[in-house]
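Protein sequence lines correspond, in order, to chains A and P. Quick note: the first sequence uses the numbering used here, first residue 211, plus one each step. Quick note: the second sequence uses the numbering used here, first residue 37, plus one each step.
Mixed in with the good hints there might be a few duds.
[Stated by the list, open to error] Chain A side only, calculated, beta carbon under 10 Å to chain P, not exhaustive:
#1 A272
#2 D306
#3 G339
#4 G379
#5 A534
[Stated by the list, open to error] Residues of chain A placed beyond 12 Å of chain P at every Cβ, according to the derived structure:
#6 Q254
#7 E256
#8 E298
#9 G359
#10 E373
#11 E396
#12 L512
#13 R578
#14 N595
If you are wondering where the hints come from, they were derived from the structure by calculation, not from laboratory data. No residue lacks a Cβ here, since even glycine has one placed at the ideal position from N, Cα and C.
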Amino acid sequence: MRAEYGETRVLLEHAEDPALRTIDGYRGYGGYASLEKAYRELEQDEVLKVLEDSGLRGRGGAGFSMGKKASFLPRGEMAKYLCCNADESEPGAFKDRELMQRNPHQLIEGIAIAALAADAGHAFIFIRGEYAAQADILDAAVAEAYEAGYLGTNILGMHRDLELVVHRGAGAYICGEETALLDALEGKRGNPRLKPPFPAVQGLYGGPTLINNVETLSNVPGIVAKGAEWFKGFGTEQSPGTKVVSISGGVRRPGNYEVELGIPTRELIYGLAGGPEPGHEVKAFYPGGSSSPVLTPDELDLPYSFEAMAEAGSMLGSGSIIVADDRVSIPHMALRTARFYHHESCGKCAPCREGTNWTVKMLERVVRGEATPMDLDIISSVQENIMGHCLCVLGDSMAMPVSAMVRKFRAEFEEVMANAGSALDEGEQHAVVRAPAETLGASI
Amino acid sequence: MSWDPNDPAGLPVDPAVSEGRVPGRTSEEVPELHEVGCPPELRERIEALMARYPDRKSASIPALWAVQKRYGWCTPEGIRQAAAVMRFTPGYLESVASFYDLLHTEPVGAHRIEVCTNISCWMRGGDELLQAFYEAGEGEDVHITGFECLGACDIAPMASIDQRYYGPLETAEAATAIEQLKAGGEVLPEKALKERGLAGDSPPAADGEPRERDRR
Numbered sequence: 211m212r213a214e215y216g217e218t219r220v221l222l223e224h225a226e227d228p229a230l231r232t233i234d235g236y237r238g239y240g241g242y243a244s245l246e247k248a249y250r251e252l253e254q255d256e257v258l259k260v261l262e263d264s265g266l267r268g269r270g271g272a273g274f275s276m277g278k279k280a281s282f283l284p285r286g287e288m289a290k291y292l293c294c295n296a297d298e299s300e301p302g303a304f305k306d307r308e309l310m311q312r313n314p315h316q317l318i319e320g321i322a323i324a325a326l327a328a329d330a331g332h333a334f335i336f337i338r339g340e341y342a343a344q345a346d347i348l349d350a351a352v353a354e355a356y357e358a359g360y361l362g363t364n365i366l367g368m369h370r371d372l373e374l375v376v377h378r379g380a381g382a383y384i385c386g387e388e389t390a391l392l393d394a395l396e397g398k399r400g401n402p403r404l405k406p407p408f409p410a411v412q413g414l415y416g417g418p419t420l421i422n423n424v425e426t427l428s429n430v431p432g433i434v435a436k437g438a439e440w441f442k443g444f445g446t447e448q449s450p451g452t453k454v455v456s457i458s459g460g461v462r463r464p465g466n467y468e469v470e471l472g473i474p475t476r477e478l479i480y481g482l483a484g485g486p487e488p489g490h491e492v493k494a495f496y497p498g499g500s501s502s503p504v505l506t507p508d509e510l511d512l513p514y515s516f517e518a519m520a521e522a523g524s525m526l527g528s529g530s531i532i533v534a535d536d537r538v539s540i541p542h543m544a545l546r547t548a549r550f551y552h553h554e555s556c557g558k559c560a561p562c563r564e565g566t567n568w569t570v571k572m573l574e575r576v577v578r579g580e581a582t583p584m585d586l587d588i589i590s591s592v593q594e595n596i597m598g599h600c601l602c603v604l605g606d607s608m609a610m611p612v613s614a615m616v617r618k619f620r621a622e623f624e625e626v627m628a629n630a631g632s633a634l635d636e637g638e639q640h641a642v643v644r645a646p647a648e649t650l651g652a653s654i
Numbered sequence: 037m038s039w040d041p042n043d044p045a046g047l048p049v050d051p052a053v054s055e056g057r058v059p060g061r062t063s064e065e066v067p068e069l070h071e072v073g074c075p076p077e078l079r080e081r082i083e084a085l086m087a088r089y090p091d092r093k094s095a096s097i098p099a100l101w102a103v104q105k106r107y108g109w110c111t112p113e114g115i116r117q118a119a120a121v122m123r124f125t126p127g128y129l130e131s132v133a134s135f136y137d138l139l140h141t142e143p144v145g146a147h148r149i150e151v152c153t154n155i156s157c158w159m160r161g162g163d164e165l166l167q168a169f170y171e172a173g174e175g176e177d178v179h180i181t182g183f184e185c186l187g188a189c190d191i192a193p194m195a196s197i198d199q200r201y202y203g204p205l206e207t208a209e210a211a212t213a214i215e216q217l218k219a220g221g222e223v224l225p226e227k228a229l230k231e232r233g234l235a236g237d238s239p240p241a242a243d244g245e246p247r248e249r250d251r252r
């Protein structure tokens with residue numbers, strides 16, 4: 211951990227160069243040397259070891275050790291698969307988009323090396339259907355990689371095969387959940403499955419499957435090239451490495467910033483993203499996308515790491531910060547959040563299907579001024595009854611932020627509810643956070 | 037009494053269910069290729085998609101995309117054609133299509149506009165922008181809908197127009213975008229996501245201290 215902050219570009223190094231997207235540009239910066247090293251010089255166990263020693267934690271939200279997860283796949287002649295989860299749909303998260311758009315070959319190289327570690331012969335990039343432009347970029351890059359011999363049969367003459375398919379989704383947040391992703395990839399409605407068995411043992415088409423996030427896989431070439439100690443030189447002991455953090459909402463410079471894990475959250479929101487608009491203050495922020503319990507300004511000095519966010523009762527998640535300033539009505543923000551999960555609930559499990567439905571209805575009554583104090587207690591109780599009771603954590607992902615908002619901003623909820631009978635229109639209750647005209651389009 | 041396949045239980049049939057559906061055919065049988073009149077290009081496309089996967093069922097969503105690209109939406113006939121090529125029932129493919137927000141099982145306009153109304157865009161005027169698009173698109177050959185987070189919170193408030201991202205958008209630009217779509221030219225070129233640089237490479241905030249960006 212270094213004393214000065216600011217961005218630390220590792221994954222986004224050279225990303226401002228459009229040529230990086232082409233195989234010649236990527237190789238010009240040393241790309242695919244790691245793949246050559248892994249395929250020509252390393253055994254499967256050596257690749258697994260360097261990944262596990264690096265301490266790389268999943269960058270999709272769960273933060274589980276990537277090397278450890280890869281080692282769970284059984285050995286044997288059966289077909290094994292690798293899925294890259296590029297279904298980035300968490301509100302506030304847009305870092306995988308940036309990585310795929312600017313450095314697709316880094317991801318492809320990471321997939322090829324991880325496939326070696328998992329002994330997978332068929333890999334899929336499951337990319338959300340809305341990212342059509344990024345999928346086009348990936349299609350072109352994958353074609354280049356095949357032509358260069360990094361994919362296909364007998365890669366680099368080392369008698370290993372790997373087919374890589376770019377598979378476009380069709381609009382469903384739930385397909386970012388790994389088992390629902392598998393169902394969608396199998397050509398079904400995206401419903402999650404019971405775990406255990408875990409995908410590592412019984413995944414795609416029932417076979418051993420390694421599933422990793424875009425950013426996680428993008429870290430693999432660097433670790434193989436420069437080693438576990440190099441990677442651990444960034445970040446903290448429990449959160450090594452860098453993180454591409456998406457920051458948005460009431461900040462002057464929304465965008466993706468790559469930083470060492472463990473820097474103060476304030477440095478991200480104020481130092482890099484420019485802080486709130488002039489004349490306004492931070493009221494609350496989601497540290498890890500819309501699924502994370504909101505934190506308050508007194509928590510701005512916490513280190514931005516897996517362990518610190520968990521200790522604060524929230525989570526780092528996908529590493530996406532949404533800032534709400536003093537103009538935002540928290541009850542309205544809670545309703546907007548709940549509506550998302552209600553829409554995206556696949557409907558398989560009753561606590562989520564019914565719980566998201568009821569939470570939206572109760573929050574609508576709150577903002578319309580038609581609720582009673584008992585409704586706040588019922589809202590909290592419903593969240594508790596959802597958590598831990600479903601096949602996946604979509605319901606939990608609504609319950610965590612909504613219950614945190616009700617708990618930490620109860621006075622504001624009660625104030626909104628005290629306007630009972632005035633039938634306030636939802637649109638009158640929040641102001642628009644507009645960027646000052648001169649910063650609109652500042653990056654263009 | 038003879039059994040009517042359209043009304044086996046003798047119950048009244050909701051016209052919303054049967055409207056647009058081809059009468060007299062069941063969705064529970066795998067159609068034969070010679071019955072469905074599948075255009076050769078569509079058939080070849082779906083066969084190529086199936087060949088990419090160890091299990092051809094994985095090509096369901098890609099095949100539905102191909103149908104939608106060909107016909108503008110997932111038409112009942114298009115679904116029957118895909119079902120015939122893939123050897124599944126139309127009912128199965130309908131069930132898959134109905135799950136996903138980007139696959140349309142009803143006719144939609146030639147142009148697609150999805151306006152994000154999720155948290156960050158909502159904070160920056162997404163609701164007003166959606167309203168502006170509804171007004172500007174009234175009577176035009178466009179399908180306008182609010183949408184969940186599109187993964188472009190850095191350009192909030194934003195919209196996806198014919199599968200490309202634009203933002204941050206002023207409400208007045210809704211009308212401009214629709215005019216440009218009708219004229220067949222480029223849409224809002226200065227607001228296209230692909231033209232944007234990395235956030236950290238743009239000028240620092242007005243009264244913030246410029247931060248040294250560190251690279252290794």
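Exercise for the section: Taking the shortest Cβ-to-Cβ distance between N595/A and chain P, state whether it exceeds 12 Å. Expected result: Given that every Cβ of chain P is farther than 12 Å from that of N595/A, nearest at about 24 Å, it holds.
Handout entry: Whether Q254/A stays farther than 12 Å from all C-beta atoms of chain P, as the label says
Key = Non-interface label on Q254/A holds, nearest chain P Cβ at 21 Å vs cutoff 12 Å.
Practice task
Mind verifying the non-interface call on R578/A? Its CB should be farther than 12 Å from each CB in chain P.
Solution key: Nearest chain P Cβ is 16 Å from R578/A, so the label holds.
Problem - Outside-interface status for E298/A - nearest CB in chain P farther than 12 Å - result: The claim breaks: E298/A does not keep its Cβ more than 12 Å from every Cβ of chain P (closest is about 5 Å).
Handout entry: D306/A as chain P interface residue, shortest Cβ-Cβ below 10 Å
Key = 8 Å, holds
Handout entry: Distance rule for E256/A, whose beta carbon must clear each one in chain P by more than 12 Å
Key = 25 Å, holds
Handout entry: Cβ separation check - E373/A to all of chain P, threshold 12 Å
Key = The claim is violated: E373/A sits with its nearest Cβ about 8 Å from chain P, within 12 Å.
Problem - Hint check: 10 Å Cβ-Cβ cutoff, G379/A to chain P - result: 7 Å, holds
Problem - Verdict on E396/A as a residue remote from chain P, using beta-carbon distances over 12 Å - result: Incorrect as stated: the minimum Cβ-Cβ distance to chain P is 6 Å, not above 12 Å.
Problem - Given as non-interface: L512/A, which should sit over 12 Å from chain P by C-beta - result: 20 Å, holds
Exercise for the section: With a cut-off of 10 Å on the beta carbons, see whether A272/A makes it to chain P. Expected result: 19 Å, violated
Practice task
Find the nearest Cβ of chain P to the Cβ of G359/A and say whether that gap is larger than 12 Å.
Solution key: 19 Å, holds
In this structure, the hints that do not hold are numbers 1, 8, 10 and 11, in rising order.
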